[in-house]
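Spelled out, the chains give:
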Amino acid sequence: MREITFVKAMNEAMVEEMERDETVFQIGEDIARMGGISGATKGLIARFGEKRVRQAPLSEAAFVGLAVGAAMAGLRPVVEVMYVDFVTVCMDQIVNQAAKLRYMSGGQVKVPLVIRTQGGGCNAEAAQHSQSLEAWFTHVPGLKVVMPATCADVKGLLKSAIRDDNPVIFIEHKLLYPTTGEIPEGEYTIPLGQGEVKRTGEDITLVATSLMVHRTLVAAETLADEISVEVIDPHTLVPLDMDCIKASVQKTGRLLVVQEACTRSGFGSEIVRRIAEEAFDDLCAAPRVLGAANLPKPYSGKLEIETIPWEADIVEAIRNMVA
Amino acid sequence: MREITFVKAMNEAMVEEMERDETVFQIGEDIARMGGISGATKGLIARFGEKRVRQAPLSEAAFVGLAVGAAMAGLRPVVEVMYVDFVTVCMDQIVNQAAKLRYMSGGQVKVPLVIRTQGGGCNAEAAQHSQSLEAWFTHVPGLKVVMPATCADVKGLLKSAIRDDNPVIFIEHKLLYPTTGEIPEGEYTIPLGQGEVKRTGEDITLVATSLMVHRTLVAAETLADEISVEVIDPHTLVPLDMDCIKASVQKTGRLLVVQEACTRSGFGSEIVRRIAEEAFDDLCAAPRVLGAANLPKPYSGKLEIETIPWEADIVEAIRNMVA
Amino acid sequence: MWPRVLRWSPRGKWLECVKQNAGSYNVRPGYCTSTASKHVLDTGSRNDLGRNQPMTIERDKLIEMLRVMQSIRAFECKARELYEENRKQDWNELRATGTMFCAVHSSEGQEAVAVGACAALNPDDYIISTHRGHGHCIAKGADMKAMMAELMGKEGGISKGRGGSMHMFDPEVGLLGSNGIVGGGTPLALGVAFASQYRGTDEVTLCFFGDGAACEGTFHESLNLAALWTLPVVFVCENNEYAVTISAEDSVAGPDIGDRASAYGIPGEVVDGNDVLAVHEAVAKAVSWAREEAGPSLIECKTWRWHAHCTGLPDRRDPDEIYHWTQERDPLPRFEQYLLGQQIITDAKLAQMRKETNEAVEEAVAFGEASNWPDPTTVAEYLWA
Amino acid sequence: MWPRVLRWSPRGKWLECVKQNAGSYNVRPGYCTSTASKHVLDTGSRNDLGRNQPMTIERDKLIEMLRVMQSIRAFECKARELYEENRKQDWNELRATGTMFCAVHSSEGQEAVAVGACAALNPDDYIISTHRGHGHCIAKGADMKAMMAELMGKEGGISKGRGGSMHMFDPEVGLLGSNGIVGGGTPLALGVAFASQYRGTDEVTLCFFGDGAACEGTFHESLNLAALWTLPVVFVCENNEYAVTISAEDSVAGPDIGDRASAYGIPGEVVDGNDVLAVHEAVAKAVSWAREEAGPSLIECKTWRWHAHCTGLPDRRDPDEIYHWTQERDPLPRFEQYLLGQQIITDAKLAQMRKETNEAVEEAVAFGEASNWPDPTTVAEYLWA
Ligand SMILES: Cc1ncc(C[n+]2csc(CCOP(=O)(O)OP(=O)(O)O)c2C)c(N)n1
Ligand SMILES: Cc1ncc(C[n+]2csc(CCOP(=O)(O)OP(=O)(O)O)c2C)c(N)n1
Ligand SMILES: [Mg+2]
Ligand SMILES: [Mg+2]
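Residue numbers (our numbering), protein chains in the order written: chain A, 1 to 323; chain B, 324 to 646; chain C, 647 to 1031; chain D, 1032 to 1416.
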């Protein structure tokens, strides 16, 4: 095991996949010398050259669409959309093209494509740079959706995403990039659709992805003497490892989904629906979603911190549910 | 009471509001001589002239954005986006601009704007013209979302939407336009956020909007001798009349949401979450969403009919839940 | 960069040939003024700026081009008929039984663009088509039988009945999809061209779009990006003067759409889109430009659609305008007359050809009808790769 | 339509003045070649095509323009400092306490564009600004105190602390928002201009955007629509040669951005964006064009940003390039020298003015610091109207 940063783990994944398969190429804004806004593509231009690391002008619809077309024609593009907030300018290419081309063609084409983007708030970037929009993509059949939480996970999941023959929306959290964590030596992948029990417990099941995995783990630890909390990170929202979540809820009887996205119509609601439909009789308390306030992110930190779940909020929510 | 078509009811609402308030104007594709794809704006050009009925080129981002800017500057635009599928090319103007401008400005501006669009399938229009994307908008704080089902409702709701000082996404179902129904004489509005019990019952609560209201009512009638079904049409998803839904579920103990949108991460999941959180103890059976298959709409009718809930599917779902 | 040689008066309906950098206007009486030989068509004489190399087209190819134009006309006409027949029935019934026939966007009147353009492509070149795409598909070599079966929603359809009229795919013939989103295909075309460039092949991608699509943001982003990266893509704008009910005059600001090429520093040309040879010549030039790694270009073809935007919608255009375009500027008899005049084809051969294309379309209908409905239990197939 | 009078060699870094339709190039030594009188600045002599009417600017206005340029410089410099100071602290701590200071996109080096352009507007005209918008806001008359409080996330902020650096609003002075989405403001500007046209006022809307934004689809859609509907909007492109790390050369195909106006049949101009009077003259002309209901126009101002794209990011540009732009083409001393040379201002007055603007910025900081944090219980306010 080595300890590296999240962003370095991503970089390793991309280098390895580009070495392995020369149809893999990168496209996005500022991904060359700067290495992308997060630094995840750093060094790729030096290693793979301009042919395979395409720094694009500010034309998200064009370059995401280019990637979709290139995927249809046999390449494996990895696209960086700088912030998830900007998918709003290229949504057609993702939703009406990438997600649907295979189905509409009766299986004649496939779209092996990864769209990497960053989500999340609390970076003082205000309403147009702080959204968590994963739920949108999960509502679009044909897209896979990945939200990694740890350094080890991000590497294995990104490699799987690049190898996947379908369009994958890969959402990184801006606060995770500089975090460090242990990572296995050598080559490995983590399959899409396989969740992970990040902490075992008996009293309540917490489901979280991305940054919220870390917050739920802190909350669980805080309560360790009091309440036994199981934490599940499904890794991917589509496909979703319901078996993993269901097995846990069947054991604990309680479900709390923690998400950074606005509570209303977030993916937490979908998990609650699935559990309510499929494990109703196992529930001994009302399942719940702890998410963000249904508000645009206010700029002022004093307001923004009010809108997103923190460790203390999770602790409180758990206590309320288990009490 | 008069009997008119859905599309005529919409037309009346728009004529009345344009007569009442000269800051109201129309903008969209083919809304002049053709009266829009549905005919809803028919005659407006003759009555109000080119100044107030602006037929726009195929530039959704520009003309939706124009409407947002005009709203900020004091007008009341009514925009037609021909199909909800095409919001994908102007999502930024809706999500990052219209929905957030007021909040980001600390309340200094407001955006009184209606975006009318058509959703739904079963018109043999295939994957890019048959979506039901309301859940996306409900996940964006700052947008109101209306989905009318009947002729009387659409008129009253559209008038309220036009008078509302916030951006309203108004989604019409393409199959409802030619339907007819009774409509009150004279001026009336229906407030946004007020649901309606379309049929009272004791055994199970059905929640549906738009086309699905009609299908649930047929299903309820089919089962009349067997099971007493309550049907609620919340009219608007945001704001949502939870009191109305909750009161019903507290009575019946059972909740079935019927939606045409893909089941995964649809608004039904959100309603289930709210009920699971707020009325868990009242539930005597697992709440459920009956929605569309998580697939792009296949063109072939033989396949498409498999993907959308029909009356018989609703009947079966009710039976399963009440049995 | 090519000189601009042929242009229309800005947004005018009437054809005229304007020499660039010169004040003199010559009304062009038709395309058949060339001094073509019997076997070879020389279209070079029609214009004098940088087009002096005569373009040669094999006799057989000319005949084949005519056959394809006729096929498109017959196919489109049939598709409209089938729609009308279908929709005479009870719609609720059709929906409930899954036997609804989709609305079709007929390309009748625009055959010269599809055929002139696709005739400039190799079999392994690609096209990206539009909602009004049947003609493009046929011209690129797609099978009319499979296309008809697609319209009928059958398993034997070109997209296995999953796509419908606006989503026809046949990678075998280089058809990487028509598209229901106006302007949605332009970025895809970049990607297909990018893949050819990336792999170092000399394939070219041809991207069709309309005057309406020229107003969408993707037009601008795509031309800019294609120009920057010298992508081997030819943008063919089919300006049929309308986007549903809005006229190009009301939706396209400034001079011709073809002129917008200059904003990106790429060649742009405006041609008579009802002149199959003019289209062919311009596109062939653009294709070799792309194939020689000189990058993208934009060809605007001025044409006109004969019918309403799509079946089911009314057409309220001016009768004079309709007369002009359908009677005086029909691309089919123009080409037929030319081939007859050049003795490349005979009246008998022509009659025979018409008979054959009609038969081919009837065969396509029969094939579609005989094809099975998709098995409902397979509805979830083809979602994931 | 105006003639194009001033242009740069395509995408070159070095200033030159090219007369349109002529082969002769005159290297322009700077903007101070005009034969201006003491009280009145005549910039008309700088170019000879259709600009023969000298433009007059009041002495006091010239001085005020300088003051605003200085204020912007001082404000931006302070904002960067505050960011750096803030982010020296522990980020997790800052997040947990809600005391994080946003990254700022400094407009240092571009002051001449903001000031030259906004000086051409009336108080009741509007602007739509960008992520790099502090300069625009100050130039349109926004209060630096409220702006500084906004950066600090305080209740006294120009957007009550809800907006931050990229979302400053002050409808009172015609500031209808800066915008965090590149290209996001262009369509909004159409709407504001549309409202003025609809109500029959003579207000004009000025829309700022960058070279990066010129590649987004909204640029194309907006110019096309504005041209079609003769909207009273002036598009001012601040081409600072970069969009984050991509150069305009790598992202803008074809000739100058200003040249793209011709694709929409509207006037386009390219001016030295580090010459406040050149910007002013061009924009003033465009504003009266719009006010006289002649429609939109596009002014490209060639300029350069002095610092990294935003605080927190590195700047790896060429030292020679940096030297050239910061030392040789700084818009501030150029204007100061000019005003001194014209005896419009004295050294003493200049020193005084510098002192005052620095004080004003310090006052703004003090105001911001003294302002309250927003009350957390009010977080949901201002969502709905
Ligand atoms: C983004 C988008 N907006 C609107 C539509 C609806 N629509 C379909 S075709 C069409 C007109 C297209 O005009 P043009 O590009 O000129 O092609 P034509 O129909 O004339 O062949 C419109 C408005 C659409 N499909 N996609
Ligand atoms: C749609 C969108 N894409 C990307 C970004 C990220 N971004 C912010 S500013 C910027 C560069 C903008 O360049 P330009 O328009 O030239 O303005 P400048 O920063 O040079 O003033 C980028 C890429 C964004 N905010 N919005
Ligand atoms: Mg057209
Ligand atoms: Mg820039």
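Calculated directly from the structure, the hints in this document are not laboratory data. Note that this is a predicted model, so its numbers are computed, not measured. All residues carry an ideal CB built from backbone N, CA and C; glycine is no exception. Mixed in with the good hints there might be a few duds.
Okay, derived cross-link-like pairs now, BS3-like style, lysine-lysine, Cα gap no bigger than 30 angstroms in a straight line [as the list claims (entries may be wrong)]:
(1) K569/B with K251/A
(2) K734/C with K1001/C
(3) K1109/D with K1380/D
(4) K174/A with K1119/D
(5) K198/A with K110/A
(6) K246/A with K365/B
(7) K1119/D with K1380/D
(8) K1001/C with K365/B
(9) K1119/D with K42/A
(10) K198/A with K251/A
(11) K724/C with K734/C
(12) K497/B with K734/C
(13) K1119/D with K1386/D
(14) K497/B with K574/B
(15) K246/A with K42/A
(16) K51/A with K246/A
(17) K497/B with K1001/C
(18) K521/B with K574/B
(19) K1092/D with K1119/D
(20) K1092/D with K174/A
(21) K1109/D with K1119/D
(22) K365/B with K497/B
(23) K246/A with K497/B
Here are a few chain B residues that face chain D, going by a calculated C-beta distance under 10 angstroms [claimed, not checked]:
(24) R325
(25) G388
(26) D415
(27) G430
(28) V432
(29) K497
(30) P501
Going down the list of hints, with the structure as the test:
| no. | hint | result |
| --- | --- | --- |
| 1 | K569/B with K251/A | holds (29 angstroms) |
| 2 | K734/C with K1001/C | holds (28 angstroms) |
| 3 | K1109/D with K1380/D | holds (23 angstroms) |
| 4 | K174/A with K1119/D | holds (19 angstroms) |
| 5 | K198/A with K110/A | violated (34 angstroms) |
| 6 | K246/A with K365/B | violated (53 angstroms) |
| 7 | K1119/D with K1380/D | violated (37 angstroms) |
| 8 | K1001/C with K365/B | violated (44 angstroms) |
| 9 | K1119/D with K42/A | holds (24 angstroms) |
| 10 | K198/A with K251/A | holds (16 angstroms) |
| 11 | K724/C with K734/C | holds (15 angstroms) |
| 12 | K497/B with K734/C | holds (19 angstroms) |
| 13 | K1119/D with K1386/D | holds (28 angstroms) |
| 14 | K497/B with K574/B | violated (34 angstroms) |
| 15 | K246/A with K42/A | violated (40 angstroms) |
| 16 | K51/A with K246/A | violated (46 angstroms) |
| 17 | K497/B with K1001/C | violated (41 angstroms) |
| 18 | K521/B with K574/B | holds (16 angstroms) |
| 19 | K1092/D with K1119/D | violated (41 angstroms) |
| 20 | K1092/D with K174/A | violated (46 angstroms) |
| 21 | K1109/D with K1119/D | holds (15 angstroms) |
| 22 | K365/B with K497/B | holds (16 angstroms) |
| 23 | K246/A with K497/B | violated (38 angstroms) |
| 24 | R325 | violated (34 angstroms) |
| 25 | G388 | holds (2 angstroms) |
| 26 | D415 | holds (6 angstroms) |
| 27 | G430 | holds (4 angstroms) |
| 28 | V432 | holds (6 angstroms) |
| 29 | K497 | violated (26 angstroms) |
| 30 | P501 | violated (32 angstroms) |
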